[in-house]
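Novice: So you can see what is in the structure, the chains are spelled out below.
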Amino acid sequence: METSIYSVIAFYGLAITILGNATLVVFARNIVHSVLFLAVTFIAMGGLFLLLDADFLAAVQVLVYAGAVCIMVVFGIMLIQRADMKATNQFNRQIFAGGGLVALVVAMCAVFAGRTAWTELVAAQEVPAGTVQFIGELLLSKYVIPFEVAALLLLVALIGAIVIARDEEVKANAGD
Amino acid sequence: MMPFDPSALTLEMLTAVLGLGVLILGLIVPKGSRHGLGWLSLLGLLGITGVAVSMWGDSRELLNGMYLVDNYALFWKITFLLSAMLVILGCMRYVDEMGGQAEYYSTVIFATLGMMIMASAGDFITLYLGLELMTIAFIILVCFRKTDVKSVEAGIKYILLAGMSSAVLLYGLSLLYGLTGSVIMLEVSRVIAMQPVTPALILAVVMLVAGLGFKISAVPFHMWSPDVYEGAPTPVTSFLAMGSKAASFAILLRLFVAALPGVWENWTMVVAILAAITMIVGNLVAIPQTNVKRLLAYSSIAQAGYIMVGLVTASEAGIKGVMFYAFLYVFATVGAFTVAAYFYNVTGSDELKDYAGLSQRSPLMAAVMLVAMLSMAGIPPLAGFVGKFYLFKTIIDGYLWLAFIGLIMSMVSVYYYLRVALVMYRDEPVDPTPIKLPSPVAVTLIVAMVVTLVVGVYPGPLSEVVNNAAHSFFLH
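From first to last, the protein sequence lines stand for chains A and C. My numbering puts the first residue of the first sequence at 1, with every later residue one more than the last. My numbering puts the first residue of the second sequence at 1, with every later residue one more than the last.
Warning: the hint list may mix true and false statements.
With a Cα cut of at most 25 Å, we get these calculated DMTMM-like pairs of lysine to aspartate or glutamate [stated by the list, open to error]:
1. Lys142(A) x Asp350(C)
2. Lys150(C) x Asp350(C)
3. Lys142(A) x Asp58(C)
4. Lys142(A) x Glu61(C)
5. Lys142(A) x Asp5(C)
6. Lys146(C) x Asp55(A)
For the record, the hints were derived by calculation from the structure and aren't laboratory data.
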């Protein structure tokens, strides 16, 4: 797979966008702004998938993450309702210890990943032009068991959400 | 590719149907008769266990090794089913008082299903989804008493840390996929055997150890477990302590011994050290505890340390030791926690000082607590002794120091277990009213005690079954 100069430029552009916005998510003073930066991060991630020719994944990334997840987070913020929006994204004294530790872990990961000759290992295959139908076929043939398990997982998560969010009528019939 | 044979999934399908059935029935039947759902779940699980036993010896691979049906998986599945049944049987009254029976029982069944899928998973995706099915179900169960601050706090702690550890595990798995180009464990092991050990592979193994170390609450990944164990409803704690831990050991063995052979041998020292720290910290921190649930939580951390000893050699004998001990551990744990749950039901307290004179108030409860704890400490002739014997036998040559640590820490554990016994047997009760046990609780306690005693005195049959299961592990 030859790499054109355009895809290299696109990759670095997207990488900077992702890292910059991810940093802003953490450092923004207002938590609503954090969510907006998060949405940008997710969309840029979708761009990365596009670069890898995974068009379906890119669409899912934008729809589910940038769309659904961010809106859910916004709802969460609205429901919790802090009086002072300024005091939402706070730091405490652990920031230096935590930051140092994270920097160490990232550095270690970078060293280990950098010293691996990936190109010799990964079977670099051409991605077919349209991926959706292949993903669909795989989901119901080779990956049918995980597919069904995922369905059950969602059901259980739904039951859980209802159990936790349900009004306290449970307590009233506890005795019967 | 072999044709897809759904009959290999009989157990999983039956369990899923049972879980859905209980949920739907809960919506249909009137509120007054919902306590029957517990009995229905129990009978259903009993039937499924029967089917599981009849499938013994069946060995198949589905979809080129994506799903492995063998005696190893089957043994774990039977263990999970038994623990789910004991949890349901021992705690029906507790659940009736808590309310929400349909959701509770179906979530327990789905958690069991998640564990069963983990035991059979032959690829990373199935493994991860099984794990998440179990974890999500447990998160719901942990915060089931949502009017109780402790329960909600435990739920939040569990969901955050479980999410974090799942992320670490996923990073490890995706690195492995990137290195080998396959998610199927048997293929991964073939590819890894052919290529040199790369730095990224080391990174992947570190992440897998960290992610799974959280699930088995090995030190230093144990911080969550005392808080979660204390805050969760006691039946859930007992299921969490045995089922979740046993299932995590099942996939730990699969991942490291089946998917990463050759790599794993370089890691035995790390596992030995982790096992040693887990035993030491678990046992030493258990000593000053005054809350029985916290004490049992730390003791279960120590128990995970003992089981990890079997992972050090990761031979057939080691796997046998792990399975044998996990099986016993289920019964000892269910005994101890059922006593704690019922005691809480009656008195509303988990404090050790309130257990004073329990032997006069309810001789059976005190006796079961004593037998369970002595078995965990490894006192002969109880089952825990045989289990520890099988585990430590595998490391006598090469890791003698670990066996010594295990021995010393077992002696330390006798101290705090006997402290509970002293309070129960020596002290005079503040409130001498006898505690009357309903028959399901009594049956659970007697089953737990009898199994612990019988396996301790006569370990032959179980040992043979476990041998057979451990042998089937290497046949793929």
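Novice: Now, for every hint given, state plainly whether the structure supports it.
Specialist: Against the structure, the hints come out as follows:
1. Our distance criterion of 25 Å between C-alpha atoms is broken by Lys142(A) and Asp350(C), whose separation comes to about 49 Å.
2. Distance hint between Lys150(C) and Asp350(C) is fulfilled; the C-alpha atoms sit about 13 Å from each other, no more than 25 Å.
3. The suggested pairing of Lys142(A) with Asp58(C) holds, with an alpha-carbon distance near 22 Å, which does not exceed 25 Å.
4. Under the criterion of a C-alpha separation no larger than 25 Å, the hint pairing Lys142(A) with Glu61(C) is consistent with the structure, at around 13 Å.
5. A threshold of 25 Å between alpha carbons decides the hint, and for Lys142(A) with Asp5(C) the separation of about 12 Å falls inside it, so the pair holds.
6. With a C-alpha separation of about 43 Å, the suggested pair Lys146(C) and Asp55(A) falls outside the 25 Å cut-off, and the hint is violated.
In the structure shown, a violation is registered for the earlier hints numbered 1 and 6, in ascending order.
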